[in-house]
Amino acid sequence: MAARPTSKRPARPAAPSPAAPSAAKPLALVYLLGWLIPGGGHLWLGRTTKGFVFLVMLPLMFVTGLALDGRLFPFSLGDPLVALAAVANVGAGLPYFIAQALGVGAGRALSVTYEYGNAFLITAGLLNALVIIDAHDIALGRKEQP
Amino acid sequence: MNLTSHLLLMALFAGCVAVVGAVLLKDTLRQQARSAAEIFGSLVGAALVLGWILYFLPI
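Just so you know, the sequences run in chain order A and B. Heads up, the first sequence is in this note's numbering, so the first residue is 1 and it goes up one at a time. Heads up, the second sequence is in this note's numbering, so the first residue is 1 and it goes up one at a time.
For reference, chain A alone in the conformation it holds in the complex:
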């Protein structure tokens, strides 16, 4: 019986593996932490520099919006744009609830900076949503550690 010829083919290089998931953190907690504390998801996943930048910048934008007489919009189903703005406001997380508890964010439509304030408040919430999506990608190992 003839011996089977050994293969001369070089070994195939291993396919590049995606970055390892960050120690299997529960995704729901990453979302919740990232939403309530801007940058909290990144901090928990070990991306401390990014997390601290978000932790400083997003609440700073939110507070600036309040200081510029911006308004925290109510959930009004009769006015879809107002409802969308309200969803964006809630996206800021804990700063939103603190502002609501303190009774600030009524907005002053006659103020020169009213629209700027709204832009800051809405954008802070929307950017936090992007930050949560980024934390999601990191938690799933789709982003490599720099």
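Hints are computed from structural coordinates only; laboratory data are not their basis. Since the model is a prediction, treat every value here as computed from it, not as a measurement. Among the hints, a few may not be true.
[Stated by the list, open to error] Here are the simulated lysine-lysine pairs, PhoX-like style, with alpha carbons at most 25 angstroms apart:
| # | chain 1 | residue 1 | chain 2 | residue 2 |
| --- | --- | --- | --- | --- |
| 1 | A | Lys25 | B | Lys26 |
| 2 | B | Lys26 | A | Lys143 |
| 3 | A | Lys25 | A | Lys143 |
[As the list claims (entries may be wrong)] Over 12 angstroms on every C-beta distance to chain B, these chain A residues come out as not near it, computed from the model:
| # | residue |
| --- | --- |
| 4 | Leu29 |
| 5 | Phe54 |
| 6 | Phe75 |
| 7 | Ser76 |
| 8 | Gly141 |
[To be verified] Computed, partial: chain B to chain A, Cβ under 7 angstroms:
| # | residue |
| --- | --- |
| 9 | Ser5 |
| 10 | Leu9 |
| 11 | Cys16 |
| 12 | Val20 |
| 13 | Val23 |
| 14 | Leu24 |
| 15 | Leu25 |
Even glycine gets a Cβ: it sits at the ideal position worked out from N, Cα and C.
Starting from the known structure of chain A, arrange chain B on it as the hints suggest.
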């Protein structure tokens, strides 16, 4: 707050968005700085260009 300069507020807004966007998109400090400068320049530049276009429109 007595901060009523539209140009200053626009620049402040663009700066905040640029920093957060750059940190989200890039990983190294050098890339982040470059990306933040690009985003900031794009936002402010686009606002100035649109402002001039609107100036000539009879609104």
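For each hint, the structure was consulted:
About 23 angstroms separates the Cα atoms of lysine 25 of chain A and lysine 26 of chain B, which keeps this hinted pair within 25 angstroms; it holds. Restraint check for lysine 26 of chain B and lysine 143 of chain A: the C-alpha separation of about 11 angstroms stays at or below 25 angstroms, so the hint holds. Note on lysine 25 of chain A and lysine 143 of chain A: the hinted pairing holds, with a Cα-Cα distance of about 15 angstroms set against a maximum of 25 angstroms. Residue placement check: leucine 29 of chain A keeps its beta carbon more than 12 angstroms from all beta carbons of chain B (closest about 21 angstroms).
A beta-carbon of chain B is positioned within 12 angstroms of the beta-carbon of phenylalanine 54 of chain A; the least distance is around 7 angstroms. With 12 angstroms as the threshold on Cβ separation, the claim that phenylalanine 75 of chain A sits away from chain B holds: the shortest Cβ distance comes to roughly 25 angstroms. For serine 76 of chain A, the shortest C-beta to C-beta distance to chain B comes to about 25 angstroms, beyond the 12 angstroms cut-off, and the non-interface label holds. The beta carbon of glycine 141 of chain A sits about 15 angstroms from the closest Cβ of chain B, which is more than 12 angstroms, so the claim that it is off the interface holds.
Contact between serine 5 of chain B and chain A, as hinted, is not supported at the beta carbon level, the nearest pair being about 10 angstroms apart and thus beyond 7 angstroms. Hint on leucine 9 of chain B holds. Least Cβ distance to chain A is approximately 5 angstroms, under the 7 angstroms limit. Because the beta carbon of cysteine 16 of chain B sits about 5 angstroms from the nearest beta carbon in chain A, less than 7 angstroms, this interface hint is met. Against a cut-off of 7 angstroms between C-beta atoms, the interface hint on valine 20 of chain B holds, since the closest Cβ of chain A lies about 5 angstroms away.
Hint status for valine 23 of chain B relative to chain A: holds, with the closest Cβ pair at about 5 angstroms, below 7 angstroms. Nearest Cβ of chain A to the Cβ of leucine 24 of chain B: about 5 angstroms, under the 7 angstroms cut. The hint holds. Annotation: interface hint on leucine 25 of chain B violated; nearest CB of chain A at approximately 9 angstroms, more than 7 angstroms.
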